[in-house]
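Number of protein chains: 2
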Amino acid sequence: MKDTAAPVPPSDRTRVRRGAEKAHYDEATLHAIVDDAYLCHIAFSDEHGAHCIPTASWRSGGHLYIHGSNGSRLLKQLVRQTCCVTISHLDGLVLARSAFSHTMNYRSAMVYGRFEAVEDDAGKHAALEALMDKLAPGRQAEIRPGNDKEYAATTVLRISLAEAACKVRAGGPNDDEEDLGWPAWAGVLPFARARTTPVADPACTVAAPAYVRDWQTPDAALAPIY
Amino acid sequence: MKDTAAPVPPSDRTRVRRGAEKAHYDEATLHAIVDDAYLCHIAFSDEHGAHCIPTASWRSGGHLYIHGSNGSRLLKQLVRQTCCVTISHLDGLVLARSAFSHTMNYRSAMVYGRFEAVEDDAGKHAALEALMDKLAPGRQAEIRPGNDKEYAATTVLRISLAEAACKVRAGGPNDDEEDLGWPAWAGVLPFARARTTPVADPACTVAAPAYVRDWQTPDAALAPIY
Ligand SMILES: Cc1cc2nc3c(=O)[nH]c(=O)nc-3n(C[C@H](O)[C@H](O)[C@H](O)COP(=O)(O)OP(=O)(O)OC[C@H]3O[C@@H](n4cnc5c(N)ncnc54)[C@H](O)[C@@H]3O)c2cc1C
Ligand SMILES: Cc1cc2nc3c(=O)[nH]c(=O)nc-3n(C[C@H](O)[C@H](O)[C@H](O)COP(=O)(O)OP(=O)(O)OC[C@H]3O[C@@H](n4cnc5c(N)ncnc54)[C@H](O)[C@@H]3O)c2cc1C
Ligand code: HEM
Ligand code: HEM
Numbered sequence: 001m002k003d004t005a006a007p008v009p010p011s012d013r014t015r016v017r018r019g020a021e022k023a024h025y026d027e028a029t030l031h032a033i034v035d036d037a038y039l040c041h042i043a044f045s046d047e048h049g050a051h052c053i054p055t056a057s058w059r060s061g062g063h064l065y066i067h068g069s070n071g072s073r074l075l076k077q078l079v080r081q082t083c084c085v086t087i088s089h090l091d092g093l094v095l096a097r098s099a100f101s102h103t104m105n106y107r108s109a110m111v112y113g114r115f116e117a118v119e120d121d122a123g124k125h126a127a128l129e130a131l132m133d134k135l136a137p138g139r140q141a142e143i144r145p146g147n148d149k150e151y152a153a154t155t156v157l158r159i160s161l162a163e164a165a166c167k168v169r170a171g172g173p174n175d176d177e178e179d180l181g182w183p184a185w186a187g188v189l190p191f192a193r194a195r196t197t198p199v200a201d202p203a204c205t206v207a208a209p210a211y212v213r214d215w216q217t218p219d220a221a222l223a224p225i226y
Numbered sequence: 001m002k003d004t005a006a007p008v009p010p011s012d013r014t015r016v017r018r019g020a021e022k023a024h025y026d027e028a029t030l031h032a033i034v035d036d037a038y039l040c041h042i043a044f045s046d047e048h049g050a051h052c053i054p055t056a057s058w059r060s061g062g063h064l065y066i067h068g069s070n071g072s073r074l075l076k077q078l079v080r081q082t083c084c085v086t087i088s089h090l091d092g093l094v095l096a097r098s099a100f101s102h103t104m105n106y107r108s109a110m111v112y113g114r115f116e117a118v119e120d121d122a123g124k125h126a127a128l129e130a131l132m133d134k135l136a137p138g139r140q141a142e143i144r145p146g147n148d149k150e151y152a153a154t155t156v157l158r159i160s161l162a163e164a165a166c167k168v169r170a171g172g173p174n175d176d177e178e179d180l181g182w183p184a185w186a187g188v189l190p191f192a193r194a195r196t197t198p199v200a201d202p203a204c205t206v207a208a209p210a211y212v213r214d215w216q217t218p219d220a221a222l223a224p225i226y
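Residue numbers (UniProt numbering), protein chains in the order written: chain A, 1 to 226; chain B, 1 to 226.
Hints may be right or wrong, so weigh each one.
Since copy identity is lost for identical chains, a pair holds within one copy or between any two.
List time: in silico DSSO-like cross-link candidates among lysine-lysine, alpha-carbon distance up to 27 Å [claimed, not checked]: (1) LYS76 with LYS22; (2) LYS124 with LYS134; (3) LYS149 with LYS134; (4) LYS76 with LYS134; (5) LYS22 with LYS149.
No lab work stands behind these hints: they were computed from the structure.
Work out the full structure: start from the sequences and follow the hints.
Structure representation (structure tokens):
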């Protein structure tokens, strides 16, 4: 596995045509977009047509992982067909002087390929521990671990991140020259994902560990992604 | 158009099978999820297989709207096939005492159907003005409006919200009885979409209007969706 930003040539499916100047095909951009997300949307089809299902996702090395019940329609279909996995972050509304030049700041990634099942117990355990580590580092050692029955009921799938494209828009508005004098406010209204006050279970008597105490976003950290 | 929460029976495609106790089929839940979103993900297919494309979306009455270039692959495909449009909000990480009982709080909506083009000029103008009203109420009157050439290059599509399902998970962890004594912190780590400090275009000399001055989320308003 490479950890550097290798320039990967786009495939027929991943070559961005519209707004191609916003395209990125390097691993560093892709990994950063995937790692900043807790969920993805997956497009696949069955006898009812196209479906777009949101599901928790995380990265380990060069793969994106998902999990669920052995009985899940989603998971059963995904090992049978190629699909498209998309992750999007909305960073801001871009307000230009002309209506037509309005846009949004965003970071998105689209991955194409086929999921494969993580069949062996060790791989399954490691994958679900990586999910926990992403959410709450250190928590894996505190909780009641999964038992054989629970793992046996669970399917873990992974898809290679090899065939992927990213599209990123950042910065202020780009009005046409002749619109620059128009007397409208112009700039960006940014968004950020804030981590708000933890809510303990009423029955919980255990002191909050560091990942709970440190959860809440300090106001100063809510810097615009701009 | 009805504005009340009518109970709509699910179709074959929209009947939630997994976690059916989280399903909602009423209009009020659906509209609230759609209105709280700035973007959707759309699943469709072409000769390359399935695609999942993120795009800006907004609601007017009983339809969801999207827009883009006449030359867009996405928009050209969407009037030719049925598709699935999904909107998801991640509200929190649910930390249970047992690994297996961990989950997420979320609100999601899946809409099935076929997009139709908004062909008439008046409808196109009204639709794009509704988008602007959603983002920045009052701004439509301040900016340089779209001209004929710009509107002629733009496709606006809409899809009926009639065939849709929502799935909502809220509240604290649901550990099994026998895990309740396990000494791990249990509760919810909530997320919220924060509106952070506006960034004016360096060349902008116009005073910030109300929708810019009032943009930033007051800390007190970052209440957990729980
Ligand atoms: C938050 C957000 C809002 C957006 N709003 C709009 C909108 O209102 N109108 C609009 O036209 N577009 C919007 N886009 C861009 C949209 O995602 C598509 O890029 C665009 O619609 C072109 O789609 P296409 O299938 O015609 O593209 P093509 O360029 O033909 O797609 C070719 C290939 O490029 C890659 N690709 C395309 N789009 C993306 C992407 N977003 N991320 C990663 N790879 C990609 C894929 O591999 C795809 O198969 C938005 C994107 C984001 C993230
Ligand atoms: C943030 C988030 C994280 C999630 N994480 C996971 C995860 O890690 N593992 C997991 O198994 N599931 C997860 N889900 C639930 C997931 O979206 C699906 O509901 C689930 O995977 C079952 O999919 P299925 O196609 O097998 O469902 P089925 O119940 O067979 O789907 C039947 C129909 O129900 C409706 N439906 C299904 N899911 C949804 C939905 N989410 N919203 C609205 N309508 C829906 C659709 O009309 C669908 O065609 C998550 C959802 C969200 C929003
Ligand atoms: C008169 C009003 C508007 C018209 C005529 C219009 C037209 C268009 C067109 C033609 C495109 C396609 C660009 C391309 O693919 O080459 C586009 C893209 C887009 N528009 Fe609009 N638009 C309008 C208003 C808005 C507003 C108010 C927003 C909200 C912020 C917006 C957000 C976007 C976004 C996010 C894209 C995608 C750009 C990308 O691919 O990065 N538009 N618009
Ligand atoms: C040992 C570890 C874990 C196992 C064995 C496991 C197993 C499962 C299984 C079997 C399902 C399917 C439920 C169903 O469809 O009936 C599921 C769903 C889910 N899991 Fe896990 N899981 C584990 C850890 C986690 C963690 C750490 C998270 C992160 C918060 C998580 C998030 C979810 C979510 C969001 C769902 C979807 C529930 C829904 O449909 O609302 N899981 N998990």
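Comparing the hints with the structure gives:
When the C-alpha separation of LYS76 and LYS22 is checked against a cutoff of 27 Å, the pair qualifies only between copies, where the shortest distance is 21 Å, while the shortest distance within a copy is 35 Å. For the identical chains of this complex, LYS124 and LYS134 are intra-copy neighbours only, at 16 Å inside a copy versus 44 Å across copies, given an alpha-carbon limit of 27 Å. Within a single copy, LYS149 and LYS134 get their C-alpha atoms as close as 24 Å, which meets the 27 Å cut-off; across copies the closest is 48 Å, which misses it. Proximity of LYS76 and LYS134 under a CA criterion of 27 Å is satisfied intra-copy only: 25 Å inside one chain copy versus 39 Å between copies.
Proximity of LYS22 and LYS149 under a CA criterion of 27 Å is satisfied inter-copy only: 24 Å between copies versus 47 Å inside one chain copy.
Violation of the numbered hints given earlier is absent; every hint is satisfied by the structure.
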